[in-house]
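Whenever a hint applies, use it, and build me the whole structure from the sequences.
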Amino acid sequence: MPDPLLSIDRLSSGYGDFQALFDISFDLQQGHVMGLIGANGAGKTTLFKAIMGLLPRSKGTVHFQGKPIGGAPANTLARLGLAMVPEGRRLFRSLSVEENLRLAADHGRKGHWDLGKLYRLFPILEEKRHQPALSLSGGQQQMVAIGRALVANPHLILFDEISLGLAPVVINDVYAAMPDIVGSGISAILVEQDIDRVRKTADMLVCLREGRKALQGPTAAIGKHDITVAYFGE
Amino acid sequence: MTTLAETTKRYARPDARALVALLLVLAVVAAPFWAGRAELRLFSEFLSFLALAVLWNLLAGYAGLLSVGQQAFVGLGGYALFVLCAHAGLSPYLAIPLAIVAAGALAAVFAPLLFRLDGAYFAVGTWVAAETVLLVFAMIPALGGGAGMSLPAASVKAIAAGKELRESIIFWLVTGLSLATLLGAYGLLRSRAGLALMAVRDNRLAAASLGIDIWRTRFVTYVIVAAMSGGLGAVIFLQKLRISPSAAFSLNDWTVMVIFAVVIGGIGRLEGAVIGAILYFLLREMMADLGAIYLIVLGSLAILVMLFSRKGLWGLVETRFGWSLMPTERKP
Amino acid sequence: MASLLDPILQGLLLGGLYTMFAIGLSLIFGVMRLVNIAHGDFIVLAAYMAHAVLVATGWHPLATLLIVVPVMAGLGYALQRVVLARTLGDDILPPLLVTFGVAVIIQNGLLSAFTSNALRLPSRELETASLALGSLNIGVLPLLTLAVAVALIFGLETLFARTAIGRAFRATSDDPETATAIGVKTPHLFALATALCFATIAIAGVFLAMRSNFDPFAGPARLLFGFEAVIIGGLGSFWGTLAGGLILGVAQSLGAQISPQFQVLAGHIVFFLILAIRPRGLFPKTA
Ligand SMILES: Nc1ncnc2c1ncn2[C@@H]1O[C@H](COP(=O)(O)OP(=O)(O)O)[C@@H](O)[C@H]1O
Ligand SMILES: [Mg+2]
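Going down the list, the sequences are from chains A, B and C.
Under full-length UniProt numbering, the first residue of the first sequence carries the number 1, and numbering increases by one thereafter.
Under full-length UniProt numbering, the first residue of the second sequence carries the number 1, and numbering increases by one thereafter.
Under full-length UniProt numbering, the first residue of the third sequence carries the number 1, and numbering increases by one thereafter.
These aren't lab readings, by the way, just hints derived from the structure by calculation.
Selected chain C positions facing chain B (Cβ under 8 Å, derived; list incomplete):
no. : residue
1   : Val35
2   : Pro94
3   : Leu97
4   : Val98
5   : Phe100
6   : Asn108
7   : Gly109
8   : Gln261
9   : Val264
10  : Phe272
11  : Leu275
12  : Ala276
Estimated spans, in silico, between C-beta atoms of each pair:
no. : chain 1 : residue 1 : chain 2 : residue 2 : range
13  : C       : Ser130    : B       : Asp118    : 40 to 46 Å
14  : B       : Glu164    : A       : Asp17     : 56 to 62 Å
15  : B       : Trp215    : A       : Gly183    : 54 to 60 Å
16  : B       : Trp215    : A       : Gly16     : 24 to 30 Å
17  : B       : Phe308    : C       : Leu5      : 54 to 60 Å
18  : C       : Leu273    : A       : Gly16     : 40 to 46 Å
Partner residues are not named here, just some residues of chain B that face chain C (Cβ under 8 Å, in silico):
no. : residue
19  : Leu135
20  : Gly299
21  : Ala302
All C-beta atoms in this analysis are idealised placements derived from N, C-alpha and C, irrespective of residue type, glycine included.
Shown next as structure tokens:
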């Protein structure tokens, strides 16, 4: 088997004195989608930030494309091909839609995705490209956040709760882009509250509970009951 | 065998501390009977500087109000004393409490405006406020304008007829007010109000959710600190018998040096202010003739502390030996 | 009424200089929420530097900009990378204190090196040249100062609004963490902003030195004028900073009509008036 795209070994992290993650390990293969699930406060966002270099890692190692990336700042990881769609979208409020995207493209890698292809994926963004980013609807803002990750042409995107606060129809619109994204060769880790949706999209699952890994395996091998147990304990 | 740390801990018990404080007060009261003029001057200067340091520490280290304009209140207190004595014919004994009130009132006027500036801009705003007060006093011909004025002989005599007794009384006034400030600050920090202050400083949101009125807490702190600074200004210039705008509203004397001392000693803790004040006076006595160099050294020290050891010298001592003489420091 | 026309005009011209003092403050506060207490002292340092260049080369004062601007910009870049970067964070005390320390060091360093004697950059014919406008006289140097200030404001506004680096500045100001996560090198970007700020400081220093005497302790007043201009104009807008500078200049100029002592005081009073009636300044960023 080739080197995994992302390999995490006994990773611990937290906020100051508060430890939020304990000894997390898993591998993600190139081209795969992993579902990361767990109750509120389980540590999913923290794990993303620790991988992304936004939080200090107190212990453990992270390898990306076979190379250790411990201690590297987030901007270096971004250039290596790691991107995040952050929880709450976090668009730049003083920038227009297109400026948000262009900034990401300027600082990203060259490749399949550019502004033109993105506007074909989300036509509404082209229509509103000169508007302030925060003037868009929630679903459209989420498209900008996803677009911001895509136009950097990363190898791996960390999606953090992209359906949070959106109406079900809108969620469908957003998720409709997933096949195109994965089809372009990008791997993904998906944090999502809607388990059924995760099961449809992900090749493998990792479940966190109170900062620890409670379950891991190929999606097909994991039943509903296993997930319930992993979520809430026995 | 007891270690040094254990010994210190035992001595640091509250009753022992009260005893130490009492002895200190007695020594100060008796000082004019055994110390020379120069020593008395130096000692009262030291105590009033320490009091200003503790006040600034209270303001910045606890209430999070980074003022660089405390000279406004020291100077106003001084001028209030001179104006009330020279132009209203009041006795200095009456003028001192009025100077305290005047400085507090000035702070109460400035606070609602300055509190609209956030963080670092608040700091520069307090500086503008102090410059404004300075300019106003420099413009009044009856107060000697930029040249300043002396305390009229009649007012000086009103303190006490004999020179020796007068100097002793002034010494007691300066040291008494300084010690009162120190003890008051210590008491405040151990009281409920002190807890509220630290809560505001450590976490505004949490403090608000505990029902603490943040604006009011900061306002009251700002006004009280200004009032006490005014009182100190009054007695400091009473001892000098002369006042001028540049001396009264000196940014260097009443704010910059004070801030450097607090930061080098350790901000957010009373011991830090004490250590910083002692260090400042030692440096000053040793390097006074070096003038500019000595200020450069102090400035560099303050920068180094901020970059490499934010809790200051006392913080270093504390981590190393686990000492705490006055358990009032804020928990991180 | 006609007698007020001249002081107002002179005030506007003076406001050009105050705008120069303010631009850099406005810039680095906008990008990284930093207030540099030594801002005015760096202006004075630049003035001394220009003086040294002039003495060494005999160039025209304006030509010293060729050396002073890049040197100051480099100094700003290094200062941010080596010193100020370590102070950025939630606590505002460290940057404030460190720049306070730097201010004291610059003042006393200049005092040791150059004594407290006032210096000036003799700008030859530029100093006395003036244009007649009806009954009014407009000094060429003050006019040039105002023109350069407006050009700087326009340049920075364009840089921020239309260029890639300007987008990065704005994004980092909005949300440094997310900007880093999409690949912006924030330490480098902050240092670039500081370098840009110091370039404006260099220009302000040279124009200050051509227009008036300066000494090692002239810095703090320049900081306060710049600060007042920023607050009067409103945070987050360069055009606001220009407006603030002009208003401050006019206020001081009108104050000086009452009595010379009243000049600076009048500026302070307008500053507090604005704080009282429009705490966010006249033209705050609308967001
Ligand atoms: N900025 C923070 N500071 C301190 N603790 C935090 C912070 N953010 C999250 N936490 C804590 O870390 C734990 C994990 O949070 P998070 O990773 O956000 O969970 P999730 O994304 O799975 O809902 C929680 O206990 C949360 O309270
Ligand atoms: Mg989360």
